[in-house]
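J.: So you can see what is in the structure, the chains are spelled out below.
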Amino acid sequence: MTQQNSSKNINLTLKVWRQVGPNVKGRLETYQANHISTDMSFLEMLDVVNEELILNHRDPIAFDHDCREGICGMCGAMVNGRAHGPEKGTTLCQLHMRHFSDQDTVIIEPWRSRAFRIIKDLVVDRSAFDKIIQAGGYISVSAGGTPDANVIPVPQEAAEKAMDAAACIGCGACVASCPNASAMLFVGAKVSHLALLPQGIPEAAIRALAMVKKMDDCGFGNCTNETECEAECPKEISITNIARLNREYIKAGLL
Amino acid sequence: MQLDSKAPGGPLPEKWDKHLFELKLVNPANKRKFEIIVVGTGLAGGSASATLAELGYNVKTFCIQDSPRRAHSIAAQGGINAAKNYSNDGDSIRRLFYDTIKGGDYRSREANVYRLAQVSNNIIDQCVAQGVPFAREYGGLLANRSFGGAQVSRTFYARGQTGQQLLIGAYSALSRQIAVGKVTMFTRRDMLDLVLVNGKARGIVTRNLVNGSIETHVADAVVLATGGYGNTFYLSTNAMASNVSAAFNAYKKGAFFANPCYTQIHPTCIPVHGTYQSKLTLMSESLRNDGRVWVPKNPGDKRHPGQIPESERDYYLENKYPSFGNLVPRDVASRNAKLQCDLGKGVGETGLAVYLDFQDAIRRDGKAVIAKKYGNLFQMYEKITADNPYETPMMIYPAVHYTMGGLWVDYNLMSTIPGLFVLGEANFSDHGANRLGASALMQGLADGYFVIPYTIGGYLAGTKLEKVSADDTAFKAAVEAVEMRIKKMLSIGGKRTVDDFHRQLGNIMWEYCGMARTDNGLAKAKDLIADLQVEFWENVLVSGSGSQFNQSLEKAGRVADFIEFGKLMVTDAMARKESCGGHFNEDYQTEENEAKRDDENFCHVAAWEYAGDENEPNFHKEALHFENVELTQRSYK
Chain P
29 MTQQNSSKNI NLTLKVWRQV GPNVKGRLET YQANHISTDM SFLEMLDVVN
79 EELILNHRDP IAFDHDCREG ICGMCGAMVN GRAHGPEKGT TLCQLHMRHF
129 SDQDTVIIEP WRSRAFRIIK DLVVDRSAFD KIIQAGGYIS VSAGGTPDAN
179 VIPVPQEAAE KAMDAAACIG CGACVASCPN ASAMLFVGAK VSHLALLPQG
229 IPEAAIRALA MVKKMDDCGF GNCTNETECE AECPKEISIT NIARLNREYI
279 KAGLL
Chain R
24 MQLDSKAPGG PLPEKWDKHL FELKLVNPAN KRKFEIIVVG TGLAGGSASA
74 TLAELGYNVK TFCIQDSPRR AHSIAAQGGI NAAKNYSNDG DSIRRLFYDT
124 IKGGDYRSRE ANVYRLAQVS NNIIDQCVAQ GVPFAREYGG LLANRSFGGA
174 QVSRTFYARG QTGQQLLIGA YSALSRQIAV GKVTMFTRRD MLDLVLVNGK
224 ARGIVTRNLV NGSIETHVAD AVVLATGGYG NTFYLSTNAM ASNVSAAFNA
274 YKKGAFFANP CYTQIHPTCI PVHGTYQSKL TLMSESLRND GRVWVPKNPG
324 DKRHPGQIPE SERDYYLENK YPSFGNLVPR DVASRNAKLQ CDLGKGVGET
374 GLAVYLDFQD AIRRDGKAVI AKKYGNLFQM YEKITADNPY ETPMMIYPAV
424 HYTMGGLWVD YNLMSTIPGL FVLGEANFSD HGANRLGASA LMQGLADGYF
474 VIPYTIGGYL AGTKLEKVSA DDTAFKAAVE AVEMRIKKML SIGGKRTVDD
524 FHRQLGNIMW EYCGMARTDN GLAKAKDLIA DLQVEFWENV LVSGSGSQFN
574 QSLEKAGRVA DFIEFGKLMV TDAMARKESC GGHFNEDYQT EENEAKRDDE
624 NFCHVAAWEY AGDENEPNFH KEALHFENVE LTQRSYK
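Going line by line, the protein sequences match chains P and R.
Per my numbering, residue 29 is the first one in the first sequence, and the count goes up by one each step.
Per my numbering, residue 24 is the first one in the second sequence, and the count goes up by one each step.
This is chain P alone, in the form it adopts within the complex:
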């Protein structure tokens, strides 16, 4: 029979970071999450806890989430010190409770980084990522006037590597898991995605310089090859993209 039949209920103790606003001191608070089906996702478990908090006239835990299928990049929290929790290549919304055991204590905290201000509880402000993209994470073409799509052949291998990098969902787990709170994997993924394609080459140099500068301005730290970002990235984006970013950046400086 399928493993779905093995679902059961577990009881957990949650320690959740509660912080009313960006300038207020936060603290860990303890909650019981009882009768949690192991088929639930982590966020569905939080839904159940929140329903109970609301019915008891207490403030529910604020957390960002939207698609709940691992692609929008909106959700994310540190679970027992790991970005998006213990499962490799998994966003928080795709983490299921079958990976926890009865009577576990689960510590839930927001992304912590100077560049990501806490808005409330587990919700952080990641607009710095948008600013980095605005600095050059695009190819400058306007709508209309583009040539036929098959005019420029792209070697399949280049297209595949570009796609590997373009899979980034902009969730911020790389920053949250890095001891330096560096955004190099995020920037490296975008620089690689576009530099690997012939369409992106004309602006490759200016893009690498502008995005790195904006990254520094936003208060992200430097990369010291800790490789935590690659280990925790829910889309398993490789740090070879950071190496490629470094190459593109050096090349751009030499021009």
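Quick caveat, the hints were computed from the structure, so don't treat them as lab data.
Keep in mind the model is a prediction, meaning the values are calculated, not measured.
Here a beta-carbon is modelled for each residue, glycine too, at the ideal position from N, C-alpha and C.
Hints are not guaranteed to be accurate.
[As the list claims (entries may be wrong)] With the Cβ distance kept under 8 Å, some of the chain P side facing chain R (calculated, not the full set):
id, residue
1, ASN39
2, SER65
3, ASP75
4, LEU83
5, GLU97
6, GLN122
7, ARG145
8, ILE167
9, THR174
10, PRO181
11, ALA195
12, LEU222
13, GLN227
Here the structure of chain P is known, so what remains is to put chain R in place on it, guided by the hints.
T.: Then chain R, alone, in the frame of chain P:
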């Protein structure tokens, strides 16, 4: 009011060209004098914002998420259609047009659909130039695959993440315009009302979701690209924040709502497994290229799928529809899955699932080839169900996915309110009663990149726009109404949570206004929803205050609108006394259980006009004229 589609006359292939020539232009220097509001940053809103800004308009763009990159277009998996005929298999603009009209069960507007097919090719060119990493053949040219309702391969894709990649393309174009100051971006904003001055759309009221402040924004035109209303059903494949509120506010301000009963139930979703479940996950239609759908021949057969021999399996789609097989359109596939489960042949714990089996494909092509095509989907399936689809067949069941109905728009994509334009899933125009796979991305981008940039110019150049400011009484009144409603919701202090009400609404809608409807069931649903609405306003419990980050309050407003909107869906479903596409009323079916249209009486768009909270909406009709296709009983046999 007579609904005028403004579709140009003349031969079909020349209509758009003719219309473009006849549209008034705004000269480049004057474009910078206009302000345009765009609500939503999915494929339609993102591409519209970027393109309007590129042309020189000043654009203010709004989204509910923390970044415009998160809109739910991002979750589209399978692909985007275009009539490129790169596969050399006989595709053409006319064939894409025809497939879309037929797939929509002859309930869409010919001129719009033809234009969609025409600009489909420009979209692919545009996206490739932006750096969208579409799948490619060894020679470096673009690859294609097949989707339901078509016998050609015309779907372009980027693994199972096509929506993500196209959205990142639109988001990057938008980001470029934010950087040069042509777009002002407002994130974490909920649009709570549309403001009309002298009968024209001139602005919106928003709530800042971070600090709760109520804000007003003035413009010369408003563009809604706020997606569909699938979450009326509580469980759907939509994102958690997807809602009908912006469109419903516009409806209450006078925009007609067209065909709200047309909802698409997608055949391949992961089955429901518990009451706490918050959403359903789609498994891309592209899987039906290689997966074979089957159930055990004998009802109640609870053996493991591996122990059921070939001779005791019913590949019901292949048997019943030999020419389209597993690639019949979504409405047909969904209904047949329900039919099998109703016969007791459903599989899994709940009996509400059918198998989607890849064993033959893996045997034929090898695991590596299948992994390359669908790897991320298989992985997602395994994460949710803990089953490995390389070894055990997937279990799937239909789920609410897309809504073909939406605000009524003319050929210019303008609603019945002058200056209010509606794009993408939020409008009704292109998919008739059923949307074909890989056509939503096409429509969103067509509207945003290649239609609205021209048609909005025609409106702005040809309309006298008075000077308006946020001090106008219309804005003040709208703010007051929004604040009152928030205050009321917070003050009820009842005993049931917002989610609890939403779940109940979803159950009513799925039971009586879902995959199969009946006249009696719909009448019952109407009463149940009316009762639910009364109870909501007496017994809902919303925590916190209005002047803070408050997700419970955000949701309360959306669910209140879903409840009211549910009534409108049911009203429309009751009025359409036929079956067509996604609207299947069991009282109107052929002997073979296919949808039975009534072209004589229902070959029209039903457009509903709000007539006050206490009254039934007024019905208006746009007759559909087919000059280029012959209406036939859809057959995929």
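J.: For the hint on P/ASN39, does the least C-beta distance to chain R fall short of 8 Å?
T.: At about 15 Å, which exceeds the 8 Å cut-off, the nearest Cβ of chain R leaves the hint on P/ASN39 violated.
J.: Identify whether the interface hint at P/PRO181 stands, where standing means a beta carbon of chain R within less than 8 Å of its own.
T.: holds (3 Å)
J.: For the hint on P/GLU97, just tell me whether its beta-carbon gets within less than 8 Å of chain R.
T.: The hint holds - P/GLU97 has a Cβ within 8 Å of chain R, the shortest such distance being about 5 Å.
J.: Quick one, is the P/THR174 hint okay against chain R at 8 Å, beta carbons?
T.: This hint holds: P/THR174 lies near chain R, its Cβ roughly 4 Å from the closest one there, short of 8 Å.
J.: Regarding the hint that P/GLN122 lies at the interface with chain R, is the smallest CB-CB distance below 8 Å?
T.: holds (5 Å)
J.: Taking the closest Cβ pair, is P/GLN227 under 8 Å from chain R?
T.: The hint holds - P/GLN227 has a Cβ within 8 Å of chain R, the shortest such distance being about 5 Å.
J.: Once the shortest beta carbon distance from P/LEU222 to chain R is found, is it less than 8 Å?
T.: holds (5 Å)
J.: Min Cβ distance, P/ALA195 to chain R: is it shorter than 8 Å?
T.: holds (7 Å)
J.: Double-check P/SER65 for me: the hint is only fine if its C-beta lies closer than 8 Å to a C-beta in chain R.
T.: P/SER65 check passes; min Cβ-Cβ to chain R is 6 Å, inside 8 Å.
J.: With a cut-off of 8 Å, does the beta carbon of P/ILE167 approach a beta carbon of chain R closely enough for the hint to hold?
T.: Check passed: Cβ of P/ILE167 comes within 5 Å of chain R, closer than 8 Å.
J.: Can P/LEU83 be said to touch chain R, with a Cβ gap under 8 Å?
T.: holds (7 Å)
J.: Should the interface hint for P/ASP75 be scored as holding, given a Cβ-Cβ cut-off of 8 Å against chain R?
T.: holds (6 Å)
Going down the numbered hints, you'll see the structure goes against 1 and 7, while the others check out.
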